[in-house]
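Protein chains: 4
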Amino acid sequence: MHVQEMISAHPDVKGQVNDALIRCIEECYDCGQSCLSCADACLGEQDANQLKQCIRLNLDCADVCFATGATGARRTGSNEELIRSMLETCAVACRLCAEECEKHASRHEHCRVCAESCRRCEEACEGAVRTIGFRH
Amino acid sequence: MHVQEMISAHPDVKGQVNDALIRCIEECYDCGQSCLSCADACLGEQDANQLKQCIRLNLDCADVCFATGATGARRTGSNEELIRSMLETCAVACRLCAEECEKHASRHEHCRVCAESCRRCEEACEGAVRTIGFRH
Amino acid sequence: MHVQEMISAHPDVKGQVNDALIRCIEECYDCGQSCLSCADACLGEQDANQLKQCIRLNLDCADVCFATGATGARRTGSNEELIRSMLETCAVACRLCAEECEKHASRHEHCRVCAESCRRCEEACEGAVRTIGFRH
Amino acid sequence: MHVQEMISAHPDVKGQVNDALIRCIEECYDCGQSCLSCADACLGEQDANQLKQCIRLNLDCADVCFATGATGARRTGSNEELIRSMLETCAVACRLCAEECEKHASRHEHCRVCAESCRRCEEACEGAVRTIGFRH
Numbered sequence: 598m599h600v601q602e603m604i605s606a607h608p609d610v611k612g613q614v615n616d617a618l619i620r621c622i623e624e625c626y627d628c629g630q631s632c633l634s635c636a637d638a639c640l641g642e643q644d645a646n647q648l649k650q651c652i653r654l655n656l657d658c659a660d661v662c663f664a665t666g667a668t669g670a671r672r673t674g675s676n677e678e679l680i681r682s683m684l685e686t687c688a689v690a691c692r693l694c695a696e697e698c699e700k701h702a703s704r705h706e707h708c709r710v711c712a713e714s715c716r717r718c719e720e721a722c723e724g725a726v727r728t729i730g731f732r733h
Numbered sequence: 598m599h600v601q602e603m604i605s606a607h608p609d610v611k612g613q614v615n616d617a618l619i620r621c622i623e624e625c626y627d628c629g630q631s632c633l634s635c636a637d638a639c640l641g642e643q644d645a646n647q648l649k650q651c652i653r654l655n656l657d658c659a660d661v662c663f664a665t666g667a668t669g670a671r672r673t674g675s676n677e678e679l680i681r682s683m684l685e686t687c688a689v690a691c692r693l694c695a696e697e698c699e700k701h702a703s704r705h706e707h708c709r710v711c712a713e714s715c716r717r718c719e720e721a722c723e724g725a726v727r728t729i730g731f732r733h
Numbered sequence: 598m599h600v601q602e603m604i605s606a607h608p609d610v611k612g613q614v615n616d617a618l619i620r621c622i623e624e625c626y627d628c629g630q631s632c633l634s635c636a637d638a639c640l641g642e643q644d645a646n647q648l649k650q651c652i653r654l655n656l657d658c659a660d661v662c663f664a665t666g667a668t669g670a671r672r673t674g675s676n677e678e679l680i681r682s683m684l685e686t687c688a689v690a691c692r693l694c695a696e697e698c699e700k701h702a703s704r705h706e707h708c709r710v711c712a713e714s715c716r717r718c719e720e721a722c723e724g725a726v727r728t729i730g731f732r733h
Numbered sequence: 598m599h600v601q602e603m604i605s606a607h608p609d610v611k612g613q614v615n616d617a618l619i620r621c622i623e624e625c626y627d628c629g630q631s632c633l634s635c636a637d638a639c640l641g642e643q644d645a646n647q648l649k650q651c652i653r654l655n656l657d658c659a660d661v662c663f664a665t666g667a668t669g670a671r672r673t674g675s676n677e678e679l680i681r682s683m684l685e686t687c688a689v690a691c692r693l694c695a696e697e698c699e700k701h702a703s704r705h706e707h708c709r710v711c712a713e714s715c716r717r718c719e720e721a722c723e724g725a726v727r728t729i730g731f732r733h
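Protein chains in written order, with the numbering used here: chain A, 598 to 733; chain B, 598 to 733; chain C, 598 to 733; chain D, 598 to 733.
Just chain A, same shape as in the assembly (with noise of 0.2 Å):
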């Protein structure tokens, strides 16, 4: 992905780049894409049954990465507070659909594979959380 290249180009920015910041996006969207697909290849598994709720997590973490990707990488005014919460919330998801894609690793790469994508994900969030100044 272009992130840091797009982020770095932005008449804002001019090479004050938050790295935490564009790993995270950059994280988000591997998250998104990660979380999809596992949501597909567990619908297609013959244990679907099994997996309903591991199906529910993977579409929710997915909706929230991508909502976070997208706002995160906003560089034109500013929206902390916003962007704040998000990554918080971001974190929350990842976390929650990785103890359940943990779950059945052993059983399903895909679980495994995406499990991996969303401690990333956590762990960015939390990263780029502290990079972001908060004032009431």
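Think of the hints as simulated: they come from the structure by calculation, not from any bench. Computed from a prediction, not measured in an experiment: that's the story for all the values here. Keep in mind that the hints are not guaranteed to be accurate.
Pairs involving identical chains hold if they fit within one copy or between any two copies, as the list cannot separate such chains.
[Claimed, not checked] Below, a list of computed lysine-lysine pairs in the DSS-like style, where the Cα atoms sit at most 27 Å apart:
(1) K611 <-> K649
(2) K700 <-> K649
(3) K611 <-> K700
Position chains B, C and D relative to chain A; hints supplied.
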């Protein structure tokens, strides 16, 4: 929209519809659409340069509203910790967008209508949060 | 929803609202939401294994409907070639999803309601395409 | 991104990965993200009034790319008629956005990078269409 009708027909719901959550989901889609249209209308205005912060908050609010509508409507399995956090984040997005749109409401009808959608959605998210149990 | 009110307030529209397109945008959001809810309700059914194709078409149709609603509502600048192609694609998504939901409509109320939303959206997309000029 | 890894792990795929489609899905997410960032960067420019058409095409292209990535990645069940139509629509969105971004590429680095993402995605969509069977 058919939110009530669709959720009532879910096999795990069977008449126990959460009216506050249903209203919230409807408001999320309405607010998300209003925000996308307001961003577009602001961009089309001759004084668009004075509306850059409004466009940014509109786009952020739309992303969060649609993700909240999608995650809030799922009834298979459960994800209450996430829904709760997402509803709180959505209330923040709506409040911040409403405050900005209200500054332009006297000059731009689209900002006036959008601010009202945001305020209704903010209130509906806060009402829905109070109905969502949350056990650590 | 406030589609008509928001688009009427766009600076470039000024009373020249395309009613067929506005109805189409409203149907896209309604259909997208119905499809997300139908996918979730199908997943919750005891015979979910027989509804896998329905869930897949629901999720695809939702993705296409929301993207069509978003692109169709913009009035700043122009993108008629894309809107036209997107409306045609959305009509395909709705037709295929409706055909599948109709197979389950007698057993599952959510499939019955969703099939109706899909048919209304299919028709609205086809109606809107006829109003969009297209010059190569 | 983990598109290849996730799709390879789908129970119905089992090693029969369609490389052209996988590349296309990756390009869709890359292009969608680049377009969102380009819209935001254009809005932040001092000459934003001259970039309104570019912002509009960026936002449209992002909506279409993300929907194409999501629908194209599903392997449970089938929806080939829709995927084909969506890939063709996405190629249109990318071509039109690339043509506009190329006009500003010499002045704005974000438009230059975004135009390249759009051209790669356009080409990948066209390559993927040729691999999708379609039976009426």
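> Are the CA atoms of K611 and K700 at most 27 Å apart within a copy, between copies, both, or neither?
Replying inline: between (44 Å within a copy, 22 Å between copies)
> At most 27 Å between C-alpha atoms: does K700 with K649 qualify within a copy, between copies, both, or neither?
Replying inline: Answer is both; intra-copy 13 Å and inter-copy 23 Å each pass.
> Quick one: K611 to K649, C-alpha cut-off 27 Å, is that within a copy, between copies, both, or neither?
Replying inline: between (46 Å within a copy, 19 Å between copies)
In the structure shown, no violation is registered for any of the earlier numbered hints.
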